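Chemist: Work the whole structure out from these sequences, hints included.
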Amino acid sequence: MSLQKTLAAALAGLMLATPPATAQEVTLRFQHFVSPASANPTFFMQPWADAIMEQSGGRIRVEIYPFMQLGGAAPDQYDLIRDGVIDGGWVIPGYQPGRFPEAEALELPFMTTKSAEEASRAAWTFTEQHLLDDFSDVHLIAAHMHGRGLVHLQGPAIETLSDFNGLRLRGPSRAATLLLERLGATPVGMPVPAFPEALSRGVVDGGVITWEQAPSLRLDELTESHTDVAGDHSLYNLYFLWAMNRDSYNALPDDLRAVIDANSGLMASAWAGRAHDTGDALGRQAMADAGNIIAEMSPELTAEIQALGDAVIADWIAEADAAGLDGAGLVAAARAAMAAETGSAPAPYRD
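In case it helps, mature numbering (1 follows the signal peptide of the UniProt record, and there is no 0) puts the sequence shown at residues -23 to -1, 1 to 328.
In short, the hints are calculated from the structure, not lab data. Remember, predicted model here, so these are calculated numbers, not experimental data. Keep in mind that the hints are not guaranteed to be accurate.
The calculated label-pair distances, taken between Cβ atoms and stated as ranges, are [to be verified]:
#1 Gly301 to Pro276: 19 to 25 Å
#2 Asp232 to Pro276: 51 to 57 Å
#3 Arg76 to Arg38: 27 to 33 Å
#4 Gly301 to Asp56: 22 to 28 Å
#5 Glu174 to Ala299: 35 to 41 Å
#6 Pro276 to Pro13: 51 to 57 Å
#7 Gly61 to Pro276: 48 to 54 Å
#8 Asp231 to Asp60: 24 to 30 Å
#9 Tyr42 to Gly143: 36 to 42 Å
Think of the CB as a built atom: it goes at the ideal place given N, C-alpha and C, for glycine as much as any other residue.
Modeler: Okay, structure coming up:
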């Protein structure tokens, strides 16, 4: 065999042994800030990662890191994703007050129903309509809400408005903080992971958070009562993103981007919300099994609180208008999105 033929044969063999570019394998590192045993990681994040792995034929591996193990603090998540420090992760825009003001419309008092799936479907619609420019420097996979937010206390259940007076309560967002102030409480802002230590050290008397977080935060041990408002709407809610670094997404071959796309948008947002509904039912049952007090405020007290919530909304609209936004329009759009999804998903339980 001539040297030319030998080289040609060797080159052909090398080409056969080298996987084509379209068969490349990718590892994506995603990060969040809660326990891996909590609802979203258990019922959405890991199943989502598994679906990506399966549908890509094993070519995309998504590694999920809890408790900010890749660095940074929970409020840093958006920037960590934008800057490519991580490939993707879970973001609470409200952890950076004032940066994404239009998103706050979704978090205003009594804006959402108590179904996280319904609220999350509405959140994706609102995001597509009003927030894509705000988040243009990351690649959005899902935008969702959690389930009902309620009051968890080291003392007895809330029965009157005056019961809030002087309570130091953990607040997760600016909108929730404004409502707590109106109720007569002293709000203390902090991310979720800081809540148990704040309770155990007496820094706070309680806080507002969901049922699904209660077991992983040891609220069966650290609190005595859990009080929800009456009716079908949640006292407050929180807006989340599941997002990717743009370069990490764009670097994928077309067929692998298609796998991400097939697990994005309304479907993924509803899936994330449904995870919270599942977790809420389990968390509520865990608190009941521990013998804690589970209570619901009277319709009369709920109406008093909702009136104070309306005042928060009016102030927010005025503030948004002063910043050059259409505050009333944003509130109306958020309400319309929620109304369109009301009844679209089964409630995980009824009180």
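Chemist: If you check the beta carbons of Pro276 and Pro13, does the distance land in 51 to 57 Å?
Modeler: violated, 39 Å
Chemist: Could one say that the CB atoms of Asp232 and Pro276 fall in the range 51 to 57 Å?
Modeler: holds, 54 Å
Chemist: In this structure, is the beta-carbon distance linking Arg76 and Arg38 contained in 27 to 33 Å?
Modeler: holds, 32 Å
Chemist: May I ask you to test the hint 24 to 30 Å on the CB atoms belonging to Asp231 and Asp60?
Modeler: holds, 25 Å
Chemist: Mind checking the hinted window 19 to 25 Å against the Cβ distance between Gly301 and Pro276?
Modeler: Cβ of Gly301 to Cβ of Pro276: about 39 Å, so the range 19 to 25 Å is violated.
Chemist: Given the hint of 36 to 42 Å, check if Tyr42 and Gly143 actually sit that far apart at their C-beta atoms.
Modeler: holds, 39 Å
Chemist: Taking 48 to 54 Å as the hint, is the beta-carbon distance of Gly61 and Pro276 inside that range?
Modeler: Holds: the Cβ-Cβ distance is about 50 Å, inside 48 to 54 Å.
Chemist: Taking the CB of Glu174 and the CB of Ala299, does the distance hold inside 35 to 41 Å?
Modeler: 37 Å Cβ-Cβ, so the 35 to 41 Å window holds.
Chemist: With respect to the beta-carbon atoms only, verify the hint that Gly301 and Asp56 lie 22 to 28 Å apart.
Modeler: With Cβ atoms ~24 Å apart, the hint holds.
In terms of the numbered hints stated before, the structure departs from hints 1, 6, listed from lowest to highest.
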